[in-house]
Amino acid sequence: MTHLALLAQQLDQIFVLAAHWLLSDLPAALQPLCSAILSVAAIIIVFATLFAITTWLERKGLGRMQNRYGPNRVGPFGLLQPIADGVKSLTKEDIVPITADHAVHFLAPVLLVAASFMGFAVLPIGRNMVLVNLNAGVLYFFAIGSMMELAVFMAGWSSRSKYSLLGAMRAIAQMISYEVPLVLASIVVIMQAGSLSTVSIVDLQASYTGIWPHWFVFTPWGFAGFILFMIAATAESNRSPFDLPEGESEIIAGYYTEYSGFKFALFFLGEYIGMFATSGMAITLFLGGWSAPFSFLTWVPSYVWFFAKLLAIISVFIWIRGTLPRLRMDQLMNLAWEFMLPMALFNLFTAGLWHFLAAGSLRWLVCSTMVVVPCILLSRGLKHKKKFQVRTYHYSQ
Amino acid sequence: MNLEAIKSELEAAVPGCRLELVANPSPSGQHSLRIDSAHAVAVALTLRDAPGLRFDLCSNVTGIDWPGKQTTEKVKLHKLVDGTQQEVEELRTTTTPGSLEVVYHLFSIEKKHGPIVLRMSTIDRDANVHLPSLTPVWRSAELQEREIFDLFGVVFDGHPDLRRLLMWDEFVDHPMRRDYVGPDDYEYEPTAHDEVLRRANQHLSEGGGR
Amino acid sequence: MVGEGILKGMAETARNFFGSYFRKDRLTTVQYPEQRDPPIEAARSFPFLVYDGEDWQQGMRCVACQICEKECPPKCIFIEKSKDKKPDANGKPQFFPATFNIDISVCMSCQICVEVCPFDAIKMDVVTDLSSGDRFGGLLLDRQRLAKSDQYYNSIHPTEAAAVDARLAAERARQEAKAKAAAEAKSAADAKLAAVTQAQPEIGGPR
Amino acid sequence: MNTIADPTAQPELEPLSETSKEQLLEIAMGPQHPSTHGVFRMNVVLDGEHVVRLKPVFGYLHRNHEKIAESETYLGSMPYTDRLDYMCPITNNWAYALAVEKLAGIQVPERAEYLRVIVGELTRLQNHACLIGFLMQDMGASGTPLMYAFREREKILDLFESLTGARMMCNYMRFGGCRVDLPAGWLDQAKIVVAGFPRFLDEFEQLLVGNEILMDRTQEVGVLSRELAVSAGISGPMARASGVDYDIRKVDHYSIYDRFAFRVPLGSHGDVYDRFMVRLLEMRESVSILEQAMRDIPAGPIVDPKMKVRGFRPKPGEAYGRIEAPKGELGFYLISDGSPNPYRYRVRPPSLINLTVLEDLCVGRNVADIVTILGSIDIVLGEVDR
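Chains as they are written, first to last, in my numbering: chain D, 1 to 397; chain B, 1 to 210; chain F, 1 to 207; chain H, 1 to 386.
Hints listed in this document are in silico derivations from the structure and should not be mistaken for laboratory results. The structure presented is a predicted model; accordingly, all values stated were derived computationally and were not measured. Any given hint could be a false lead.
Below, simulated SDA-like cross-link-like pairs (lysine to any residue); rule was C-alpha separation at most 25 Å, straight line [unchecked claim]:
| # | chain 1 | residue 1 | chain 2 | residue 2 |
| --- | --- | --- | --- | --- |
| 1 | F | LYS81 | B | ARG198 |
| 2 | D | LYS162 | D | PHE223 |
| 3 | D | LYS162 | H | ARG63 |
| 4 | D | LYS88 | H | PRO34 |
| 5 | H | LYS250 | H | ARG226 |
| 6 | D | LYS60 | D | SER315 |
| 7 | D | LYS88 | D | LEU38 |
| 8 | F | LYS70 | H | VAL180 |
| 9 | B | LYS69 | H | PRO305 |
| 10 | F | LYS70 | H | PRO34 |
| 11 | H | LYS67 | B | THR96 |
| 12 | F | LYS85 | F | ASP52 |
| 13 | B | LYS112 | B | GLU4 |
| 14 | D | LYS60 | D | ALA48 |
| 15 | F | LYS8 | D | VAL373 |
| 16 | H | LYS315 | B | SER121 |
| 17 | B | LYS69 | H | GLY243 |
| 18 | F | LYS8 | D | PHE223 |
| 19 | D | LYS92 | D | ALA265 |
| 20 | H | LYS308 | H | TYR254 |
| 21 | F | LYS83 | F | GLN144 |
| 22 | H | LYS308 | F | PHE119 |
| 23 | D | LYS162 | H | GLU49 |
| 24 | H | LYS191 | H | LEU201 |
| 25 | D | LYS60 | F | TYR21 |
| 26 | D | LYS162 | D | MET329 |
| 27 | B | LYS112 | H | PHE260 |
| 28 | D | LYS60 | F | PRO33 |
| 29 | F | LYS83 | F | CYS65 |
| 30 | F | LYS85 | F | ARG172 |
| 31 | B | LYS69 | B | THR93 |
| 32 | H | LYS308 | F | LYS83 |
| 33 | H | LYS308 | H | VAL180 |
| 34 | F | LYS8 | D | ARG380 |
| 35 | D | LYS162 | D | ALA48 |
| 36 | F | LYS92 | F | LYS186 |
| 37 | B | LYS112 | H | GLU49 |
Covered, in the sense of this in silico footprint (three residues per stretch, anywhere, with C-beta under 8 Å from a C-beta of chain B), are these stretches of chain H [as the list claims (entries may be wrong)]:
| # | segment |
| --- | --- |
| 38 | 57-68 |
| 39 | 371-381 |
Beta carbons: idealized from backbone N, C-alpha and C, even for Gly.
Model the full assembly from the supplied sequences, consistent with the hints where possible.
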């Protein structure tokens, strides 16, 4: 038994051990730097591969939802499609509008990709697998996240195209509005954990009562926080139904209308990486990071759980994209300010109450009520204001 | 509805209007009513608003080009030829000016009857091509009258936005007129023969094309 | 409750997602080059000229009457009538098309040429993969490329071709009967004439 | 003159002042734009995202269809009508055939009338299904409803192909009847397709009707009042969504529509949601017409035996024939001078005339609403520009 446990532990730590082994002969002064470079390279490679897999998964999944095959010509099951897409975008002509601000036009996609990758620095991908354990990790993550807005606006402004500008304006308005509920929704976790460090937040969740884990999502405030966080994360990463900044049926492609070739691909990469980063943050904050969902499954390596959770969230994103039409700008704003924000504030209060009430079914009852009642009231308010309903129709005599 | 009855009702409602029944010999039996342009709007309003008529749907507006006819006839004239009165045969051509005609097909949504066909003609095809617009009466004529202005060259007075509809603004002619000659910048056609081939060759020899 | 309709919609897409793995009617795509739908008899792409027998020049049914050229709405047919005549399937001397071109980049597959042809000489093909890099040469089909055998016609439109063949056979039989009757009448008349001339030898000779 | 009703007049827009002009953004939506349904262009003046002005620009697909028809025989124009509204070629054929039949007084045999109704209603089904799909696509639904609609449309197009030989350019009607009779087994196939259609509609309703985002995007958007709809000659489902009770199948009793029991759904708000729902409900009625027609279809000739393919010369005269096409009132106005070619051939294009009110519907709305409103009008540029 102990032998198996040791094997499991070694499997769990295989990448950490491998890195140690690789760097052990280097002079001690160089070790931290090389370790960082190695980790960064690993993150870039892993998540760029995940991007490729996700594009394939998305096209396949959407295809199946729409009763078609999806890509199936390049490689078995179309698995090499991302490579074909990459080659295509590399060989395409890179067109820059004459009137565009060339330097900014070039920098925007680079900045977007760089910013989206930087978020991974504080995400614990597995046990002991985090690039830097900042004690202000969550804060760092959101600070980096707002750099993406800058990149998007740079793209829209420097293109000197009306559609790009419209897209950039939409993106700015949307991202700033949704950053507020995003941060507020995650504060409940910080309140509970008493730490901004992502590592300690995960550690706190990686214990079990019976077989059940202590994930924050399994509390009333955590569940509400998770849903709010996911909605805001969808909007932050410009995913359907919040894909207004690039709403192709309205404003062509929004802020990257004037991009082509590899820069266009970089935007795609940046968006997907950003989506992974926010999803990874949601996993870290609410879904117990790399911890196993049941105590008897702890022998499975921790990074497997992280990526399994990530893929599950991505699948939900794809599912939503395949189903829902896009919101309009004013509706998007209404949702942010009239539903998300008050809900997140209520949730803060609920989390505080949870902390001070004694554990037991009474605490559950009170806090659940405090989540459900405002939710119903606020959504009733949203609905009532619009007066939308399923109508009945009459026929001519 | 009887067209005669409508005619008399209109004549009573709009004093001074000149209406004329135009018979249609085809089996469709859709006879029409020619109205004069001076009273057109008043007649149209009556048709739309009179409680017994209520033609509230102007379904279709059509432009028609009736080019002028040249008739040549031999006439015998008495003329002084070489100092003597002689009878001389001479060819004389008479030209009727032709006209542009606009046809409105009206239906009634309220009474579910129709169609009634209104016709209006211009005086000729060149200088006097003005007709009153019926767009203030029926909005549906808006784009259709623009189209007729574009393709036939009828100028509708009182139209809110009389611009070309289908051709581009710089275009000069009116392509639906029957004497319109298309530009000969044809794309090369391998099956070109007869007239098309002759014109294509002429075009190419004149250094046309792109 | 807000979100009910959204959840219903998501259930529907999920049902389609899983259904596409198990139900044929949810995944109707035909993987084109490998799989093909069964040929549809009524399908039409572009016209071709039917010939009887083995030799396309000999058996060409077209007599260059130029009706299809006149009736073709986009005017994509170009025919030049021959100067001489050749015998047709019934042995009757007929003109034939010296040139018969169809520009299939202009043709709109309306089938009007087929309907107006009194000789059942032009029919619609079903071949669609006619793409060519050469706009003028590759898409301008001449007499030889247009000529396809009656067997081919029978293979692509069996029902229609059977009706046409029956009609043509009836026509041929009628012609033959007529010819036979004419020949008989002629021989009878000849015999009669001969009898008359024999009976009245003294008159003899045409005046 | 003073009786001109206010709600139907052109909207009185405030003139743009010099200062406001500087803050306005003028963009050209189209002719190359993902959701203008073809090469349609709208010159939009925006204040932020609010539409201040919208001028449609037509003619990018203009080919002077009417002029071409004047140099063709009557029959020669039939395949050209396929290309007007290329989503529903058969109803175009039908309207044209109906106009010529009125012009020349041709009778249509009973079986041919049934065939016409069957293919016409199938056309309506596939047009409405696709329109709803396109509308959702314009709203950003990643094509899922569109793909479901196309899945069903394929089945109907397969039926068209096995009947007429072509999927879209059917060229099926002839003056006095139809071109070909049903091939063996076609009716059974069609019955299967029609019987499966309500299930697809149920799915569609499940997916869309109660969706909050869809309701939010479409309700009270692009409201067309009944008065304006009547005055602007709006026809088809768009007019009925505004409460105009006018279905030419019921009004003109053309063909054999008075033999079938069917209802005409009417909207009461005149917004995008009503236009969407009216089409959805119309599909159910079409299914019921199809079931009745396929049950009752008699045997007999399919074309007036007196009609010949060649040498058709109607006597001088004129006729206006119209049908309830899926997009609205499709009419053909023909003038004959006794020659084999029509002297004048006019198409009354429902798509174009329904666009008359585009600016009225869009001004004051958002950019996002423009595409929804345009999508709900249901245009096909082949017909708008002709």
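Original post:
So which hints don't hold here, by number, going up?
Top reply: 2, 3, 7, 9, 10, 17, 32, 35, 37 and 39
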